[in-house]
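Q: Based on the hints, put chain B in the right spot on chain A.
For reference, the chains in residue letters:
2 protein chains.
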Amino acid sequence: MRPTVPALPRNGLVLELFTEKPLFLLATLLELARTVSSAEAPMLGFNARDAAAERALETRFDATLDPADYRALLGTMAAAPNQVGSPHNKANAELALRLFRSWGWDARIETFPVLYPTPREVMLEMVAPTSMTATLSERNLREGDEADMLKGALPAYNVYGADGDVTADLVYVNYGREEDYQELAREGISVQGRIALARYGSIYRGLKPKLAAEHGAVACIIYSDPRDDGYWRGDVYPTSDNRPADGIQRGSVLDLTQYPGDPLTPGVGSSREAKPLAIRDAMTLVKIPVLPISYHDASPLLAALGGAVAPAAWRGALPFTYHIGPGPAKVHMKVTSDWRPKDIYDVIAIIRGTEQPEQWIIRGNHRDGWVVGAKDPLSANVALMQEAKAIGKLAKSGWRPKRTLIYASWDGEEAGLLGSTEWAETHADDLKRHAVLYVNSDTNEHGFLGGGGTQSLQRLVNEVAGDVKDPDTGSTVGARAQAKVDVDNYRARIPTPPEPTEPSVSLEALGATSDFTPFFDHLGIASLDLGFGGSGINGLYHSSYDTFANYERFGDPGFRYGVALSEVVGRVILRTANASVLPFAFGDFANAIGRYVEEIHKLENGLHTRVDQLARLLDAEAFRLAADPALTDTPPPREDRVPHIELAPLDSAVTMLKRSAASYDQALAANPTLSPAVRSRVNALVGDAERLLLNPGGLPTRPWYQHLIYAPGLSSGYAAKTLPGVREAIEQRHWADANRYAALTSAALMAYAQRLDQAAAELRRP
Amino acid sequence: MRPTVPALPRNGLVLELFTEKPLFLLATLLELARTVSSAEAPMLGFNARDAAAERALETRFDATLDPADYRALLGTMAAAPNQVGSPHNKANAELALRLFRSWGWDARIETFPVLYPTPREVMLEMVAPTSMTATLSERNLREGDEADMLKGALPAYNVYGADGDVTADLVYVNYGREEDYQELAREGISVQGRIALARYGSIYRGLKPKLAAEHGAVACIIYSDPRDDGYWRGDVYPTSDNRPADGIQRGSVLDLTQYPGDPLTPGVGSSREAKPLAIRDAMTLVKIPVLPISYHDASPLLAALGGAVAPAAWRGALPFTYHIGPGPAKVHMKVTSDWRPKDIYDVIAIIRGTEQPEQWIIRGNHRDGWVVGAKDPLSANVALMQEAKAIGKLAKSGWRPKRTLIYASWDGEEAGLLGSTEWAETHADDLKRHAVLYVNSDTNEHGFLGGGGTQSLQRLVNEVAGDVKDPDTGSTVGARAQAKVDVDNYRARIPTPPEPTEPSVSLEALGATSDFTPFFDHLGIASLDLGFGGSGINGLYHSSYDTFANYERFGDPGFRYGVALSEVVGRVILRTANASVLPFAFGDFANAIGRYVEEIHKLENGLHTRVDQLARLLDAEAFRLAADPALTDTPPPREDRVPHIELAPLDSAVTMLKRSAASYDQALAANPTLSPAVRSRVNALVGDAERLLLNPGGLPTRPWYQHLIYAPGLSSGYAAKTLPGVREAIEQRHWADANRYAALTSAALMAYAQRLDQAAAELRRP
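Residue numbers (the working numbering), protein chains in the order written: chain A, 47 to 812; chain B, 47 to 812.
The set of hints was computed from the structure by calculation and includes no laboratory data. Do not take every clue at face value.
When chains are identical, the list treats them as one kind, so a pair holds in a single copy or across two.
Only pairs whose alpha carbons sit at most 20 Å apart, straight line, appear in this in silico EDC-like list of lysine to aspartate or glutamate [stated by the list, open to error]:
1) Lys-380 - Asp-215
2) Lys-704 - Glu-644
3) Lys-448 - Asp-152
4) Lys-515 - Asp-112
5) Lys-376 - Glu-171
6) Lys-515 - Glu-667
7) Lys-648 - Glu-777
8) Lys-136 - Asp-389
Predicted, not measured: the structure shown is a model, and the values here were computed from it.
So here's chain A without its partners, still in its complex pose:
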């Protein structure tokens, strides 16, 4: 369900090196950079001989990947709607099971019963100042056969919206973020007892009805503005892949910021035996009815709004002046659902490792879509399947991985990461004991390799990206990703350092956009999320238009980027499986933490300054003087002064972490000859180091989220907040929490650094 967002210039590793006057590590990195992509390039965790053997293996892996296979399998899997509960969803699970087994994997289906409402009735009409009944449907698919193919699709809806039948005045709330409600307050407008009309974008859709309900709204409508993914962005379907007038973005409104997965079984796997919560006690369920609509349906509603003119940043691309309301547009809306539990089907395939079978490498991609889901998720699911085929072929030829591989085709991701979460919760103890890596993908198309993950995997990803050829340019996918960042920075007038830099697919902090969430945020398993894309907005996202024909036309003509994704992920998996020492490098991680702590300092200082600035403005009545007397312009409320927050332990932890990480990375780069026992100890020490970053009590107000470094933002939903316990406590002015989590996070980072020291000591053992 990962939404495609426009590519922005990023200042990842490159700028950090530039501004921090890098230490001795830079020399090492640049040394690497000059030789990257050659057959003799160093390979993290391998000695030279093993690296050559690994490269030979990867060449054999690549040889099995055939674009025709991708096309054929996508055609089959995307032949009909495959949402949870549909016949084709189950058929695809059974197909995946058969295929894994035919390729030599030990495969099974694990079934979980989950709360998964499906719509019985959806209705929306404007009753004042004029009458209009919303179509709530998509009717412009080009191919007759596809229109036929969509039989069995559900009405467009937001899964987990409440049942309801309400009539009330409309208020336009922009993206429906907390800051949008602050703007409404400034203008003296409330959604209390009214229906909030929000546009898609900026934050996770599930927060829109949640915040609307918290502010008193009785229902929430979410529409796709052409400014965000329609004609303003570019030509629309069928000319190109921007959203047409009747395109509707379906999607979950589960409150993922609390916990993903079955809303009735937080923290434990759902099963026939589990005792579920009552629906009313499930805190991830929104309390009001919600409906997604197209701008064809939204346009008359918006045009009928009166009241204040919307602020500049709120205005979309529809051809009239945007007003906020409330009213005179009044809307009648009805939603009822079938709330009976449904079964979801995870397909799990395993090849056992030979040398360190107790170390597990997990690879997953979801399989369920909103309608047909050709791009999201089947494009990347097919890449996963072809990796499994190629690995199976290697295995049939006698090769075996040193570590155990687990391939997973998840169900129920779209509703809230149901399949991955229930599986991860069910097998939590084993996973915490054994898992060393989780690699996710979700959606794939032509373009640039991008990714997120724990930064101890940055070096591995860079090495792999330097070894995979980019289909469009003939360069490497790493060089191309770096070029994109460099050129975007140049065009945005952001200076970059004069030294040549290692091509890098700069790993972003992970939020909660896909199935890595339970593995990473809940269980502390080092995780990666990879995919190609970034050439544009995906305007067919979660609509009936996400079909096989459209994916072949707009997404990945020739399926060359499907192959490229398999080549990238396959290498990540195979190198991690075969490495003598797990291919983790910790300098990148330490630098990232340093950057995050720096941001926390800036956040705290900025808040100090801002509270004082506001106080002075209020003292001077500046808001009254600056206002247009014809408009309502309420001054913001006075804010409490910011007390001292004890951040020094974080600074100390960063210093220690940087030293320990450099020491470990150098010891590994020295390529020591290790006895099997030492190797095993080092692998054990670094294999679960990520778990040291968990807080068993979780984050403030959300115990399920245990990772102290990364979490989805409470106010953003999808997007990550780093050092979330500290950062969000400061943002929310919970000073006690800020101090407490600064201490907890520092302690975790110290433990992590000590772990690296232990591992480095093993590597240096004579």
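A: Frame of chain A; chain B shown alone:
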């Protein structure tokens, strides 16, 4: 003709003080701030007794200002179209003459014959891929009487566009700036032999056809996109004052960046005797036909364009995907004009000073409009007239100014500052000898006091703004202007200094937006431009909708801000006229120069970095790798390295200037008792100090513009470039010019500092 632009947060004095850790001057400023607005507040150039008398005089001045007079005079002057050559234009001149005389002024009309084409035929039609004839007219005026009133208006046109009859493919060029043509080059698109379709905004309209012609276009169409001043901004006429679908922005396309005024008599006053240039030799005339159109007419043209999708920043608010072309939209366009000379009428009114009659204070506002011109320019012209009435009344009661006052009602401003320029050129020798101040206004409406000017007048403006009550809030107009800046900064998250600041109407650098240009940029007379506004975009700008009824409805209901403008400008005039020592303070000026030099350093450093960054990207083929292979994406050409530019003399000049300015300001603040002879010498020394900033040879490529500190930007037109000789030479990579003008500018600043030292020595003479 000053265009209204959205108010942006500004970092004027306030941030400068914050970042520069101000010197001892700050204490003085803050001392002043605490007492400002009280009857005992110090008044620059006055001792305490004289200040009390001056305040009493100003109270009597205010007593004459009656909103009913403003309404009545505006009603009369805005009763019919008053463009150059119209009967009502001449009638208004004669009315002004009668009024000045009736108020006791010595008044006359000065007539200048000028080149001023008026349209004979304008025609625009799309001939492919479909047919459409543009309406080229505004037809939705609400009041029948106003529609009648508009008889005698000219067709909407761009004065000084060439005659022509062309048919060619259309290309959309965004704002038609040089950077837009760079973007077109990147996408492999040329306007050669085609018609450029530009939208209004960002730069002076006259540069759009100029650049189009330079790039080979055969004609230029300029339209008003609803994103820039139409429905995207807010409700349109008749609900509010944003531009309706058929609204057309008329305007000049004279190349003001070379010289304003009659295109055929650069540098000299036009007269029956003057020998004009041939039209083909006038370098300010554009070579291709130009037409302004509404978005009602532009919409089908834009919608018919094919080719590449326009970049995000190019997209307006029309409800389709913006494409660049060229074609398939093909347009036939015809423009012919009557090129015979026309007469323009400046009305000049004088009251001779008693003590220092040789020091002249000039106050001007234009009188000609594009159609009726109720807001632009009559709203502010009426304020000027009412000032003259009030001053006349004071004079009739026996008061006389110490210095000479000259009030001017300019004609022909809209076509290119014709009336003010021809008058200033005609009287150049006298003006250089006598003028100490020029005060301009152009357009006025409710809102915030804003202004531009030489920063030696900043203190005077602040003192005045602290003494005038704001009609809407009851605070002072100075406090309100400062509150607006402070609150905008807060909302834009720009920190401001913790110390309380003096309320300030931060004077912006002057470009060439109105009639101050010949006085300031050509003759080196200290100038101010003042007006209220900034509450929004002026979407009726230069259209038939700029009528009396609409001005009363949207511009200044109750005419209270007309009165406030007279109160502000009247005080500026009266204080300058009556001050013992001219009310200039030079610390603000020195700080501003320091800031400008800082910017030049940043510009030079940034260019170094950027040239190197580009070279690295080109070496790495990064542009090819970052491109979408489906699109044309040409890498930028390699740039030469930046040589050393000798900026050290500018740094030295700033140091010296800051010291000299502080010394003078302190000497004046000590309020010395001066003999008439010393006073006269000090006034003479500071009265023409601004002239020391002129370079008799002018700026590179444009000898008419002689001011070394301020000029309209060659690439922006209206907007100012500071230290233009140096800055634009660096921007254009004319390294020899950069060095030469750095030396010239430093020398001028040194001479200015020495002049202040002389004056300070006089003030300190025992």
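Q: At most 20 Å between alpha carbons: which applies to Lys-515 and Asp-112, within, between, both or neither?
A: within (15 Å within a copy, 79 Å between copies)
Q: Evaluate Lys-515 and Glu-667 at a C-alpha cut-off of 20 Å and name the case that applies: within, between, both or neither.
A: between (62 Å within a copy, 16 Å between copies)
Q: Tell me, please, which holds for Lys-704 and Glu-644 at an alpha-carbon limit of 20 Å: within, between, both or neither?
A: within (14 Å within a copy, 37 Å between copies)
Q: Checking an output row: Lys-648 and Glu-777, CA cutoff 20 Å. Within, between, both or neither?
A: within (12 Å within a copy, 34 Å between copies)
Q: Is it within, between, both, or neither for Lys-448 and Asp-152, if the alpha carbons may be no more than 20 Å apart?
A: within (16 Å within a copy, 103 Å between copies)
Q: From the Cα coordinates, with 20 Å as the cut-off, is the pair Lys-376 and Glu-171 best called within, between, both, or neither?
A: Classified as within; 9 Å inside a copy, 43 Å across copies.
Q: At most 20 Å between alpha carbons: which applies to Lys-136 and Asp-389, within, between, both or neither?
A: Within one copy only: 10 Å inside a chain, 87 Å across chains, cut-off 20 Å.
Q: Is it within a copy, between copies, both, or neither that the alpha carbon of Lys-380 lies no farther than 20 Å from that of Asp-215?
A: Classified as within; 15 Å inside a copy, 52 Å across copies.
Going through the hint list in order, the structure satisfies each hint without exception.
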